[in-house]
Amino acid sequence: AQSVSQHNHHVILSEAASLELGCNYSYGGTVNLFWYVQYPGQHLQLLLKYFSGDPLVKGIKGFEAEFIKSKFSFNLRKPSVQWSDTAEYFCAVIAPAGNKLTFGGGTRVLVKP
Amino acid sequence: EPEVTQTPSHQVTQMGQEVILRCVPISNHLYFYWYRQILGQKVEFLVSFYNNEISEKSEIFDDQFSVERPDGSNFTLKIRSTKLEDSAMYFCASRGTARDTQYFGPGTRLTVL
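Residue numbers (our numbering), protein chains in the order written: chain A, 1 to 113; chain B, 1001 to 1113.
If you are wondering where the hints come from, they were derived from the structure by calculation, not from laboratory data.
Hints may contain errors.
[Said to hold, decoys possible] Per the computed footprint, the stretches of chain B lying under chain A, defined by three or more beta-carbons under 8 Å from a beta-carbon of chain A, are:
(1) 1027-1035
(2) 1043-1049
(3) 1102-1113
Glycine included, each C-beta is placed from N, C-alpha and C at the ideal position.
All chains should be built: construct the whole structure from the sequences, respecting the hints.
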């Protein structure tokens, strides 16, 4: 079955550490890729998206993601995290010719001050 | 900044009762969605709605579920006869065009007793 996988369920790190969250998908063809974030008590917000063009995508709050087509991956990175990055991060995909989001399982990130 | 709103934030109901979850999408958006997240599980797609009709629905969206856009601003999800397994967070989302982002509401937590 077509799916989206996030490798880590929980990540704990200290402020100023670098963050990388993995995301792999199993769809063939042209996909649209997203990272959403859910801060404690808040709704899902878009961090960044990839539709086409430069595979290195920059988003809000210093986040970036790299689309590697050959690896079916769209990993999220931030060079130096802050305590305020504590949240749950969701990778999501829109399949070719589709319009619904298919989500990964989410990664809870805890940044210790 | 315009946002998607949802009411109520929490709904507790008895098994077998009908519930209606309400959403007000962003005003000029054309595509509307419901997703849900059962505790500890992935966010999963329920249904999409465009041009006053369902454009896609998942296997979860059976005859117990229905959606409506009754007045041009609200978008509702009705569950006719709730089951224990319907307990989840229900998210509404909307987007403007085919290449636009889906914007999510804060969710309604439904608890079926």
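Evaluation of the provided hints:
With 3 residues having a beta carbon nearer than 8 Å to a beta carbon of chain A, the region 1027-1035 of chain B meets the requirement of three or more and the stated coverage holds. Given a C-beta distance limit of less than 8 Å, the hint that chain A covers the region 1043-1049 of chain B holds, as 4 residues qualify and 3 suffice. Evaluation of the coverage hint for the region 1102-1113 of chain B: fulfilled, as 6 residues show C-beta separations to chain A shorter than 8 Å, against a requirement of three.
Of the numbered hints given earlier, the model fails none.
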